[in-house]
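Peer 1: So the chains spell out like this:
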Amino acid sequence: MDILYRIFIDPFVQMGGAPDLLVQTLWEGLVGGVLYALIALGFVLIFKASGVFNFAQGIMMVFAALTLVGLTEKGVPAPLALLLTIGVMYLLAVAVERFVLRPLVNQPDIMLFMATFGLTYVLIGVGELIFGGNPKKMPTDALFLPSGAIDLKILGGLVSLQKLDIAAAVIASVMVAGLAIFFQRTRIGRALRAVADDHQAALSVGISLNQIWIIVWFTAGVVALATGIMWGARSDVSFALQVISLKALPVLILGGFTSVPGAIVGGLIIGVGEKLGEFYWGPLIGGGIESWLAYAIALAFLLFRPQGLFGEKIIERI
Amino acid sequence: MKDDILLAVRNVSLSFGGVRAITDVSFDIRKGEIRAIIGPNGAGKTSMLNVINGFYHPQEGEILFHGRARRRMKPYEAASQGIARTFQNVALFKGMSTLDNILAGRTLKMHRGFFWQTLRHGPALAEEIEHRKFCEEIIDFLEIEHIRKAPVGSLPYGLQKRVELGRALAMEPTLLLLDEPMAGMNLEEKQDMSRFIIDVNQQYGTTIALIEHDIGVVMDLSDRIVVLEYGHKIADGVPDAVKNDQKVIDAYLGVAH
Amino acid sequence: MRIAQRATARAHDEGERKVAATARPAGTEDTFPKLLRHHAQVRGARPAFRHKDRGVWRTWSWSETYDNVRGLAQGLQTLGLRAGDKIAIVGANRPLLYWTVTAAQMLRATPVPVYADAVADEMAYVLENADVKIVAAQDQEQVDKLQSMADRLKLLDYILYDEERGLRSYDHARLRRIEDVLAEGRRALDDDPALARALDESIDAGTADDHSIMLYTSGTTGRSKGVVLAAGRSVAAARDTVAFDGITDADEQLAYLPLAWVGDHYMNYAQAFVAGACIACPESADTVQEDLREIGPSFYFAPPRVFEAMLTRVTIRMEDASALKRRMFDHFIAVARKWGEKILNRESVPLAARLHYALGEALVYGPLKNVLGFSNIRVAYTAGEAIGGELFSFFRSIGLNLKQLYGQTEAFLYVTAHPDGAIRAETVGLPAPNVEIRIAADGEVQFKSPGQFLTYYKDDEKARETMTPDGFVRTGDAGFFEEDGQLRILDRAKDVGKLADGTLFAPKYIENKLKFFPNIKEAVAFGDRCDFVSVMLNIELTAVGAWAERNNIAYASYQELAAHPRVYELIGKHVDEVNAALAQEPRMAGAQIKRFLILPKELDADDGELTRTQKVRRSFIAERYKPLSDGLYNGADIVDISTEVTFEDGRKGLISGRVKIVDLARHDAAGKERAA
Amino acid sequence: MFYREVGQFKTTYAADQAIFPIRQDRIGLAIILFAAFVLIPLLGGEFLIASVMIPFLVLALAAIGLNVLIGYTGLISLGTAAFMGVGAYACYKLSTIFPQVNVLVWIVASGFVSSAVGVVFGLPSLRIKGFYLAIATLAAQFFLQWCFVRIGWLYNHNPSGAIEVPGHTLFGIPVTGPQATPITRYYVVLVIVVVMTWFASNLVHGRIGRSWMAVRDMDIAAQLMGIKLLPAKLLAFAVSSFYAGVAGALMVFMWLGAAEPEAFNINQSFILLFMVIIGGLGSLIGSFLGAALIHVLPIIVRFLPDALGVPVGAATVEHLTFVITGALILFFLVVEPHGLAQLWRIAKQKLRVWPFPY
Amino acid sequence: MKLKRIVLACATTLSLVAPALAQESVFVPLFTYRTGPFAGSGTSIADGMHDYLSMLNERDGGIGGVKLAIEECETGYDTKKGLECYEAVKPKGPVMVNPWSTGITLPLIPKAAVDKIPILSMAYGLSASAMGETFPWVFNPPDTYWDGMSMIIKYIAAQEGGLEKLKGKKIGYLYLDAGYGKEPLPFLDQLSKTYGFEQKLYPVPAQEMQNQSAQWLNVRRDRPDYMIMYGWGAMQPTAVKEAAKTNYPMEKFISIWWPTEDDAKGAGKEAVGFKTLNWHAATGDFPVIADIRKHVVDKGKSLAAKDKIGTVLYNRGVYNSMLIAEGIRNAQKITGKKVVNGEDVRRGLESLNVDAARLKELGMEGFTGPIKLTCADHNGHRPTFVQRFDGEKYVKITDWIEPMTDKVMPLLEADAKAYAEKNAPWPKRTEVCDVKS
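Protein chains in written order, with this note's numbering: chain A, 18 to 335; chain B, 95 to 351; chain C, 261 to 936; chain D, 95 to 452; chain E, 9 to 445.
Next comes chain A alone, as it looks inside the complex:
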């Protein structure tokens, strides 16, 4: 009975007992979720336009952040470094298109998936070769990112909102909005949407498939950079961040591989879910369950809706 109490009653008692903590937990979950969502967004962009399940999105994030930090450490002014990094991400997109996607066109999806594994290893190696394996500090000030916290004394307690986290949320919203406009309003964006449905249709818009790939990968690279800056500012920029990026995978399951809103909503659900789980239920089984909770949530979800939250129902044709 005690067990049942601790599982089903106690956590809620705690929530009620310290609403400020609950709010804080939710906030932390939301912020974490936003960052997961950003990584997932990169996945979705690429998957939507090229059908490639880009496992390298995580390492792209690390690589982008490392490049930025590496450049600033070399004394390049931060804004310039930012531009240069964007340039590097563009070159990366071109290289990926030229050396990975183009030769692998028409290969089964799993091959492209594996190729992004190879890409991951190459980027890790190159990244470490150039920047070394040391964790690096994100020059938040130089990038005009706020620091410090806003402390709200509410609910009989204190809810502390890091300005950085707020910035992350704002940037994420801006990016999503920007991408939405890009997809809805621009010619290239429409082509990108078309390519997801029909490669031929895209060609009729007058953009070659290769260009589209470059654009998508570049866009994903920029998203990765933004994500990298945020994560880097929260902890340090190091290759260990890549493991965290795996968290975007359950987000994808939840949101569906092709849905931008799905990535956002999925990210938030996963973020909040795992924080609540870890905070209120984790201690029951010794804590540290965050490492798999997200996957478990996604898996449970998947069993009921195999195509994800926003994915289209798969009708099998024969």
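Covered stretches of chain D (chain A as the covering partner; in silico rule of three or more C-beta atoms under 8 Å from a C-beta of chain A): (1) 210-223; (2) 231-240; (3) 411-423.
Listed next, the in silico DSSO-like pairs over lysine-lysine satisfying Cα-Cα at most 30 Å (straight line): (4) D:K442 - B:K243; (5) C:K598 - C:K585; (6) A:K91 - E:K401; (7) E:K273 - A:K154; (8) E:K415 - E:K177; (9) B:K227 - D:K442; (10) A:K91 - E:K302; (11) B:K284 - C:K912; (12) E:K260 - A:K170; (13) A:K180 - E:K401; (14) B:K188 - D:K322; (15) B:K188 - D:K104; (16) E:K401 - A:K154; (17) E:K346 - E:K380.
No wet-lab data here; the hints were simulated from the structure.
Even glycine gets a Cβ: it sits at the ideal position worked out from N, Cα and C.
Keeping the supplied structure of chain A fixed, place chains B, C, D and E upon it in accordance with the hints.
Peer 2: Chains B, C, D and E in isolation, oriented as in the chain A frame:
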């Protein structure tokens, strides 16, 4: 013999998310006959086959096989009751050889368990060889000796269709469903395939239901024909009757409705 | 095929073959059934027949074969086959069909193998002419053909078939499955010892004078004739050559040639029955090459066109190889050409060359022979037509002991054969054992041989014409003996003519020289009583097609390719080379080719342009393509032609187009070129 | 070139259905086995045996397991390392609870434990396909790894949090622990790997293998052949996990000697995945080739510069190894998407038709 | 020539005929990790170890007239690669190995006695290996993690005014959820019972090192009076940042000896006050460092970044190498041999006695305290001090704090015994003992 009804479709309706694929269709297939289902594109022919072998479950109506009614049946149950099938777009196991594909059709007839399978000696091997013999008869029958060990993915389309037929035959079906067995074939290949279909029907007494676009072939091959249009049955009968049916002529000439 | 096949033969799984200790040539038996009985007793467990069926090589030992043949004989007897009756065999190489031959011989009936690809009319003629009572056919296709001509064959009682598919629903009043006949016969023999005794007696009663077989010659002119061969003579002839080539029961050969051809009957039936060797039947015509590789025969016989096709395939496949590999291949083939034949002939060769050759053996020749299925071959023969020197020496140089023989149906094959160590492409060798040869005054080759035929069936008149009064057989071929005693064949005696200026004109000789080029499939030479020699050519579609592909020449049909100017250029070079070669030969220098053209369609036996053995029917072609043959001699450069063709499915159609005729420069006898 | 297939004909189906129907292949196999059983122990140094061969064999076994799942049944799994972990921990527990039973028994038995766990995590595979399933298997990876850390019972509450391998003997010869010589351990691993490879080969060539491949190539058609998807997939999970489990037990007991949960982390899963991909999906030989390449290549990269006298920092070499591994993966995917096994098949085919190109 | 080398290289890698090393040298392999997730820490340690030994070679021509053959082997902090390194160096006759990873140490422990290669796992690895009677071949000076925990508790007690004041206090323990972080758990449990404080546990899974917000939310809820951290790699800077975010008083946040300057710097000035244990200085103002600069760094023979010299982990590497060098020197002294082997160095380490005078000779006066090992005690259980981060560097703020050896020893003994039992048959000690304590 020929009047025994093997399979009856009774008032079957099927829809996908509101889109009607089949509406209240009934017909039957007699033992030992070659039954054709024809109709313009999108008439619901393939859906009908999918209903028969349990891949789709109709919202209304029922299917009687050997006189027993069923509404929901899994495809593998259909298989174990003796319904085999080929596909419109060849659905072979591309990574396997011709022989392995045909042997795969014997799966239901093979019973040696996991233990013997790991050893691949004694009973498992004996069983494997026994079924190999059976498959060799099919290979001989379909005249595909020369591609016995070739991976099917690399075979020309016509041969793939033949292998697929072989795989279905390996199941020793009572009812064989052929979905456009001659699509994309040239004249000679069509003649060969027609010969095989007739031989199967005669030699093994297999009942055959087939979908085919080549009306000439259908008229030659089949004993009776069902004509579907937009999911409705518009005619049913022997080739001559169907050929002269006004509705059928309209459907094929595309008279406005 | 589910015929008795005991475990004995299974010991030879995986193709392991051991020389049986009991190997010794058969002795006194003078008929094939007696030979069979002998082997069943002496080497009962040794494999006699193999057939790739349902994916594996089913094998029957000699004793199983004997049992099966006896059963079949009994079954045939039940169906009414008696001594002196004729039974036709139509189909591909199948143990059951071979057994039918022996079973008939057991009953002292005469088997008559018929070309399976013959059109109904031809076949009907043969069956009618031979007074066939029963036909053993392979499958539905043959049965259908036979039934279509049933009204013409008054004597025909039964049609037997091997493969049941498609036939089940046929009216079985006069239709039997060979297997069933065999099974019934066996049952009868088992049930009734008297029958078995009677059969034994029938075997014993067989004499050397029995009509062992009747082979219909295709004949370049007129209807084919049934060559009647006697049992004793056949066995004696085979016995001689078995000894000559040392064939034993360890030998194995692939039977893939038409049953009705003397080559197959001699090599795959008579010799095997004498020596106790094993006969392997391929799975289907499509798989012969593969089956050859699997079986790996030790004795091999093929007409030149088979070797030619093989070399063509080798060349084409090598064209697609990487540059490095091609260079290696070319290098070692050059080495082989230089030393290979010498090594094969056991001449003295420098050690360095031997080593070089050994390296080539490891890298090229060995693998090549492996891919072609030649690795185990001890002796290979070619016959039927002249073989190109290049072609011949190519196979010899890579270590295949290929020899030529000259033979005739009337001789029961062997007239001459190459002895080991003295092998030249131009000659056909020394007289075979116990064969006497002489050159008649008009240059015709005449012989007397142990296997010599008895007569032509129902045509003693013709037979008498063929024989000289002193018992020699006229071959109809013109030839002469070289200094070393080897015979050299020029052409059909009646075809050898003279140009208007009296120069000797041997059309076949020129045609063969042309056909030795892989790009030329057929050649028809004209010139008798004309001012000069001219030829009509067929290109080899595979070879020229591959060449065209490499040279970016687009074509839609054979006709288009044949008329392509660059193809003309290519073929022109070949013809010119032939001229250069002819110029080197004193007898032939005058008969160089002055004009040639490439025919817009492939010559085809179905159109009567070739015989069933793929020999050109010169006069028929000249007549059929009259505008062209006229054009060759009236100086026209371009001639329009339209001609009827028969498609594969039997439909007829019309082909029309314009054909270009090309003039060539002449080589003088010293080899230098001078204006024509 | 080395193939002389002339005269190798089959008179029975048993011979025709043999896994190595060509005599030269059998000879080649015999040579390889001879080398593995005789030459390597005889001539190889301790490093070769302990750090190259044993890991290579263990990884190859795990790769075979993964290949059953991905290559033969078409189910992507990113949790192989965790199943290896299950095997390792199961073997540890079993051998400490029942120390009197021979450890080799437990190594095999641990495969069954892993198998059972594998089946549980394979259950979603009926509803989930493709990448979705791949991600679902990550749940297994992280959850199981968490268990290894969190459940003290699994590691007998060792303060080190690791499982350690006590010495066990077989016929008086130490097979585990520090007393066991590399050669002994090598033989144990080799025998197990050879036997299990043989089993796997039998499986994939028979009815079960065909039904897996049918599910992989065209699951709809497979169902219509009468193949039930869930049992087929679960069996693949079970067999795959069994192999992974045994490999995991071998890894700890025969190779590492002690292991922390980190030994079974996601990286290990990825590396096994690379082995299977580079080696060739749906090929047992490929699993070996892939394991050889992925495991041995870094060793060579690491020792080569040194041996060549080129001073390259240890760290640089490590980075280069990453780049090279990644580049190789890309290279193979681009040049030969079907992996080393396909190269091997092509090479073999070339040798068979030598001197012809096809 | 190149070809010959390649052939030779292949021969050595594959057949591994152990290449005969140049005579008159002592082979010291260094297992390092300049790559992988912990490269940040590993690089400094590797540089420190490498540079000190190189300095000895450059300055003194080695030890006792024998050159040191130093060879780095990259482990990437990966157990499998570590074992590979071990197998690779084994044929070359190393006098000891420094695994620099608990994961690598554990499988090596049983091998040491068999291969006769001593293991020096300096303040990491298996705590119980401090018991020389059970583990004659393993050395883990100068402290075990349990010693560390006891000293942190003692420091906290000192802040509160005595051990008895701990009663009722809440002490949080943030640890890497792995063997290393979990090891002190039973000891902490024991201490909390003894002194009546409440322990709060915050495990950080290895994959979540950089994502600790949940743990720190718990911290916020529980409001522990003190926080203890056993972290590693990226976990440490993240923890400091999270602590700052959570407004946790930095002065009450005490870590075991692994955090670096960089780990704290990330949180900027909010990290001021963060404390860690240490047993050696964290500056470069010592003769020994000067010598390293002079003989190694300035000659361009060091891989170390200039600003890292004299930092916590660099100095730790130097300290580690000092132990190596002294062990070898001692072995030479005991055996009288110049070229010593693993067995000799085991004896050398066992009778190691670096006293104040010797430290002075080494140019390490004030750098660290004396250390003495015995046959029974392979650890030394040396006192440590607490250093406080001042925004730039760590500053020593306490005097030496002695560990609670009395509490630690029984645990170690029990553990060693349990280890020997679990790994039965564990060999009985037969090795000679030069110094009976």
